[in-house]
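In order, the protein sequence lines correspond to chains U and A. Note that the working numbering gives residue 359 to position 359 of the first sequence, counting from 1, and the numbers run on in steps of one. Numbers in the working numbering are just positions in the second sequence, counted from 1, shifted up by 570.
Hints are computed from structural coordinates only; laboratory data are not their basis. Glycine included, each C-beta is placed from N, C-alpha and C at the ideal position. Take the hints with a grain of salt, since some may be wrong.
Unchecked claim - Listed below are the simulated DSS-like cross-link pairs for lysine-lysine, each with C-alpha atoms no more than 25 Å apart in a straight line:
#	chain 1	residue 1	chain 2	residue 2
1	U	K61	A	K632
2	A	K632	A	K645
3	A	K632	U	K65
4	U	K54	A	K573
5	A	K732	U	K46
6	A	K573	U	K46
7	A	K645	U	K65
8	A	K573	U	K61
9	A	K572	U	K54
As the list claims (entries may be wrong) - Just some of the chain U residues that point at chain A, by a computed CB distance under 8 Å:
#	residue
10	E44
11	G45
12	S49
13	M73
14	G198
15	T210
16	S446
Said to hold, decoys possible - Chain A regions said to be covered by chain U (calculated; three or more residues, Cβ under 8 Å):
#	segment
17	573 to 584
18	619 to 633
19	659 to 669
20	675 to 681
21	705 to 714
22	723 to 731
23	737 to 750
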Amino acid sequence: MTFNGILQIALLFTALLFLIKPVGIYLYRVYETPSPFPLFNRLEGKLLSWCCFKSEDQNWKAYLKSLLIFNIMGIVILFCIQRFQHFLPLNPESFQAVPWALALNTAVSFVTNTNWQAYSGELTMSYFTQMVGLTWQNFVSAGTGMAAFLAFARGLSRHASSSQDILLGNFWVDLLRSVFYVFLPGAFIMALLFISQGVIQNFSPTLEITTLEGGRELISMGPVASQEAIKILGTNGGGFFGANSAHPFENPTPFTNFLQMLSMILIPGALTYTYGKMIQSQKQGWSIFITMVILSLMGILVVYYFESQPNPLLHGLGLDQTSGNLEGKEVRFGILGSALFANLTTDTSCGATNCLHDSFTPLGGLVLLLNILIGELVFGGVGVGLFNMLLFILISVFMAGLMVGRTPEYLGKKIEGKEVRFAILSIAIYPLIILVGAAISVLSPSALASLQNGGPHGFSEILYAYTSAVHNNGSAFGGLNANTSWYNLSLALAMFVGRFFPIYLGLSIAGLMVNKKIIQPNTGTFPTQGALFIGLLIGVILIVGALTFFPVLAIGPFIEYINLWQGRSF
Amino acid sequence: MKKELLIAFSVSLITLFFTGVIYPFLIGQIADSLFPYTASGSLIKNEQGQVIGSELLRQNFKNPAYFFPRPSAEKSNLAPTSKLLLTRIQERIAEIKKINTNPIPIDLVTSSASGLDPHISVEAALWQAPQIALHRNIDLKHIITLIERLREDPQFYILGEKRLNVLKLNLALDASFGVPVESL
Numbered sequence: 001m002t003f004n005g006i007l008q009i010a011l012l013f014t015a016l017l018f019l020i021k022p023v024g025i026y027l028y029r030v031y032e033t034p035s036p037f038p039l040f041n042r043l044e045g046k047l048l049s050w051c052c053f054k055s056e057d058q059n060w061k062a063y064l065k066s067l068l069i070f071n072i073m074g075i076v077i078l079f080c081i082q083r084f085q086h087f088l089p090l091n092p093e094s095f096q097a098v099p100w101a102l103a104l105n106t107a108v109s110f111v112t113n114t115n116w117q118a119y120s121g122e123l124t125m126s127y128f129t130q131m132v133g134l135t136w137q138n139f140v141s142a143g144t145g146m147a148a149f150l151a152f153a154r155g156l157s158r159h160a161s162s163s164q165d166i167l168l169g170n171f172w173v174d175l176l177r178s179v180f181y182v183f184l185p186g187a188f189i190m191a192l193l194f195i196s197q198g199v200i201q202n203f204s205p206t207l208e209i210t211t212l213e214g215g216r217e218l219i220s221m222g223p224v225a226s227q228e229a230i231k232i233l234g235t236n237g238g239g240f241f242g243a244n245s246a247h248p249f250e251n252p253t254p255f256t257n258f259l260q261m262l263s264m265i266l267i268p269g270a271l272t273y274t275y276g277k278m279i280q281s282q283k284q285g286w287s288i289f290i291t292m293v294i295l296s297l298m299g300i301l302v303v304y305y306f307e308s309q310p311n312p313l314l315h316g317l318g319l320d321q322t323s324g325n326l327e328g329k330e331v332r333f334g335i336l337g338s339a340l341f342a343n344l345t346t347d348t349s350c351g352a353t354n355c356l357h358d359s360f361t362p363l364g365g366l367v368l369l370l371n372i373l374i375g376e377l378v379f380g381g382v383g384v385g386l387f388n389m390l391l392f393i394l395i396s397v398f399m400a401g402l403m404v405g406r407t408p409e410y411l412g413k414k415i416e417g418k419e420v421r422f423a424i425l426s427i428a429i430y431p432l433i434i435l436v437g438a439a440i441s442v443l444s445p446s447a448l449a450s451l452q453n454g455g456p457h458g459f460s461e462i463l464y465a466y467t468s469a470v471h472n473n474g475s476a477f478g479g480l481n482a483n484t485s486w487y488n489l490s491l492a493l494a495m496f497v498g499r500f501f502p503i504y505l506g507l508s509i510a511g512l513m514v515n516k517k518i519i520q521p522n523t524g525t526f527p528t529q530g531a532l533f534i535g536l537l538i539g540v541i542l543i544v545g546a547l548t549f550f551p552v553l554a555i556g557p558f559i560e561y562i563n564l565w566q567g568r569s570f
Numbered sequence: 571m572k573k574e575l576l577i578a579f580s581v582s583l584i585t586l587f588f589t590g591v592i593y594p595f596l597i598g599q600i601a602d603s604l605f606p607y608t609a610s611g612s613l614i615k616n617e618q619g620q621v622i623g624s625e626l627l628r629q630n631f632k633n634p635a636y637f638f639p640r641p642s643a644e645k646s647n648l649a650p651t652s653k654l655l656l657t658r659i660q661e662r663i664a665e666i667k668k669i670n671t672n673p674i675p676i677d678l679v680t681s682s683a684s685g686l687d688p689h690i691s692v693e694a695a696l697w698q699a700p701q702i703a704l705h706r707n708i709d710l711k712h713i714i715t716l717i718e719r720l721r722e723d724p725q726f727y728i729l730g731e732k733r734l735n736v737l738k739l740n741l742a743l744d745a746s747f748g749v750p751v752e753s754l
């Protein structure tokens, strides 16, 4: 750990802190005012009429139905684009159709904002597939995440003045506004900044060159910057190239690395401010933000410390290990630039990687796993991160209510049995899928054949795969060869359920909460802001989120750590 | 239901057209006029106008009169406890330890995440310097001056690590001291 390293962490969080308020206010204006920009009023009206709908508010069922129909149609279209890419234009390398199991996995993966990749883009996907298929889903899957959050937050914050049903907004309006007012302008600026630093954007075929020494090498090309920008801003994480953000054409300089980290947490962080405005309590918004920052910094410091350590198995070989665990990391980013990126990409549901998580030290890798396992609510994915956090807040308030023995309430609304059951169910689905998926894989010889590493680390590879899929992260312990029918299909199922089941439960909670009467706060009301609440929330997140997985983490990373110090390799 | 499907389809088409077609092509057009060099891959050409590499991508160097980059492993994603990783690192050490008796900087025996890392650490360049001086038959201090001249410092004084671009370093070697004779 170096002073400069700590300074870079401080710089990143300071930049974030300064951006939270302006971006949060902008997002509030986009989503919560009838016509955010008078200039675009007519255009917006035209767009809506092209899409054949009126912007009527929907109840939770209608909102959910629109969301599901749009996403399932997205899977179908993306699947077809991949299967027919050899008939489509912009395919200079003449790639064949993507095999059906891989195409299905990829379609589900990009629609669910997971961007798990069982392929290398430069060897599998045509420019058409990358641009029209994958870049498109990068935008709209991020928009879907925002929509899910908005509906949930409106359910909590809006309240009835009469007996009429209170509605949650219109899915299509939320989606289109996300795409046109938030992600397109943001990605546009980011893409140009990236290109100025060295990210490529062209449509040339792969270039074959003669090197300085006379060797032959291939240089992959493509429209990278346009995908890179939304990959990060929409916390998608699917790289144009197999090497993702480690590839110098995706992430060429320490400055692009900084920008990528900042834009990963920018919108999820700013949404806490937007939420504060929605519930008319900025203090509660800041409390959520502080909770996120504390949890994030805890992870960052642990990973940074362990990655800075030398590998004990390499002692006595005549190596200078002062710079730490550089296997699977790029020199330009160094330990800090890699450890920080890895943390933020697992805090959020981004899953872009600028280093190989598989080659992290056992406890460094453990924290990355844990970041995902606690539910990606430390910033989290765009929209869904705060969505998950709100579920945990409901559970925390419920627990606080149990402790003092009175009916819990949140934002003046009573939380009753049904809401708590739904919230718990949405958290319980994750261990179910992760543990069952990993258990079946461990028992199947063909699934075990996919492992790159042996011993406890091999188990961690499988555990990471299901964790990443069900939480829609998309990063991997990449040694696992996941391009087999078993992994392609089981992980696709995990991604689908992990995305839409919690959204379904969250929106039904919203439907229940929106029509509740407001009770005036009194002395017995548990405050959902301030230090006490932050402490409770962190406690609940760590106990409920992490303790569930303690046994599997002991089998994987912990045993690997002990073995490393005993000098055993596998 | 039929109406919802129609809406979903038209929203899909419109977003697909704007984000998947207009946006990437527009970025491409702007990039072409504002940043033609970087947008096409930061390619370096020789005097004859042939592309000899990209300044962002690692290339192989075997000639001992050139600096060599980090190893490009066939199998990456190895855990710190992996036997394969230990063997690979030991083989690599055996291969290069004759160059310099000082401890080998770790980046020279470990592979990068992309396999395309164009950089080595300053320590790694200094470690290789005596061999370059020997094979080019020039004084070591010229090489060290060159390393100091080409050293890339943290961006804006703070971001990233001190490092050297191997291809640029070797091009500068050739420019200052001539192209080495093929002596492999």
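Provide an ascending list of the numbers of those earlier hints which the structure does not satisfy.
Per hint list: 1, 3, 5, 7, 10, 11, 12, 16 and 21 violated.
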